[in-house]
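K.L.:
Same order as they appear, the protein sequences are chains B and D. Going letter by letter, the first sequence gives residues 8 to 169 in my numbering. Going letter by letter, the second sequence gives residues 547 to 646 in my numbering.
To be clear, the hints were calculated from the coordinates, so they are not data collected in a lab. The model shown is predicted, which means the values in this text are computed figures rather than measured ones. Worth double-checking, as some hints may not be accurate.
Chain D regions said to be covered by chain B (calculated; three or more residues, Cβ under 8 Å) [what the hints assert, rightly or not]:
no. : stretch
1   : 558-567
2   : 570-581
Computed footprint of chain D on chain B; a stretch qualifies when at least three of its residues, placed anywhere within it, have a C-beta under 8 Å from a C-beta of chain D [as the list claims (entries may be wrong)]:
no. : stretch
3   : 38-50
4   : 75-82
All residues carry an ideal CB built from backbone N, CA and C; glycine is no exception.
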Amino acid sequence: MARAAFFVLAALATGSALGLILKKNAIHGALFLVVNLGSIAVLYLMLGAEFLAAAQVIVYAGAIMVLFVFAIMVLIPGKEETGPDPRRAYRLLALPLGAALLLLLGGVVAGRLGAPAAAGAAGDAGALGRLLFTRYLFPFEVTSVLLLAAMVGVLLLARRKA
Amino acid sequence: MVPESYYTALSAVLFSIGVVGVVIRRNPLVIFMSIELMLNAANLALVAFGHRFGNLDGQALVLFVMAVAAAEVAVGLAIIVAIFRVRRRLSVDDLSLMRW
Chain B
8 MARAAFFVLA ALATGSALGL ILKKNAIHGA LFLVVNLGSI AVLYLMLGAE FLAAAQVIVY
68 AGAIMVLFVF AIMVLIPGKE ETGPDPRRAY RLLALPLGAA LLLLLGGVVA GRLGAPAAAG
128 AAGDAGALGR LLFTRYLFPF EVTSVLLLAA MVGVLLLARR KA
Chain D
547 MVPESYYTAL SAVLFSIGVV GVVIRRNPLV IFMSIELMLN AANLALVAFG HRFGNLDGQA
607 LVLFVMAVAA AEVAVGLAII VAIFRVRRRL SVDDLSLMRW
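The following block holds chain B by itself, in its conformation from the complex (with noise of 0.2 Å):
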């Protein structure tokens, strides 16, 4: 049952993965990578992280791809790649070399797992905020500054002529 869910996230991740880098129109690539990520954010649960699930969904298909969609519709799409690549025999190189990459990564990542450490949930959402405010408790608080340097950047830079 939990391997039919997988493969089915596992598919549609894949497949939505594809889109987003094959559709010409910009739009439609911001939609297919909101579904890819809500597919990841069911594989989180199915992990145990459910805290993680939540975020993902919160942060990354709430804010950040409003963020995109927002900056895709400022930006007038669909009018960019439009006319013929001057480059496109060193584009189509990618594939190939994607390709190597992909069994590269298979090799190293999937290969060689380890042993399993003794079995058992590893927590839940109080235990992971536990963890961030006691062992992560410097590099917590540091993301708040880079937080706050990043708002600051986007200020000065979209400020219309300094």
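Please arrange chain D on chain B, whose structure you already have, making use of the hints.
P.N.:
For chain D alone, coordinates are given in the frame of chain B:
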């Protein structure tokens, strides 16, 4: 129970698709979305490894990756909008000023 190697294999597939997307597309917005795809593939691998070894460090790392990705998208889109404001076109092939 699905073995964790399935998740890491899916993660490898998604990452490779993201790499190919970055190379073959000319629209910087689609390139950005492909980068998001790669970040998500890495996140999926981290969660799968965390599940395998029964600890939460992977999930904590994923949370930080999400925060960095949010900051990266905001700054990146602002840069793209600023470039578009100057050039009125949107293709990475035009941006060859610093090319060797």
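K.L.:
If a hint holds in the structure, say so; if it does not, say that too.
P.N.:
Right, here's what the structure says about each hint:
1. Coverage of the stretch 558-567 of chain D by chain B holds. Counting CB-CB distances below 8 Å, 10 residues qualify, and the rule asks for three or more.
2. Residue count for the stretch 570-581 of chain D with a Cβ under 8 Å from a Cβ of chain B: 9. That meets the three needed, and the coverage hint holds.
3. Judged by the Cβ-Cβ criterion of 8 Å, the stretch 38-50 of chain B is covered by chain D as claimed, because 5 of its residues qualify and three suffice.
4. Given as covered by chain D, the stretch 75-82 of chain B passes the check, having 5 residues with a CB less than 8 Å from a CB of that chain where 3 are the minimum.
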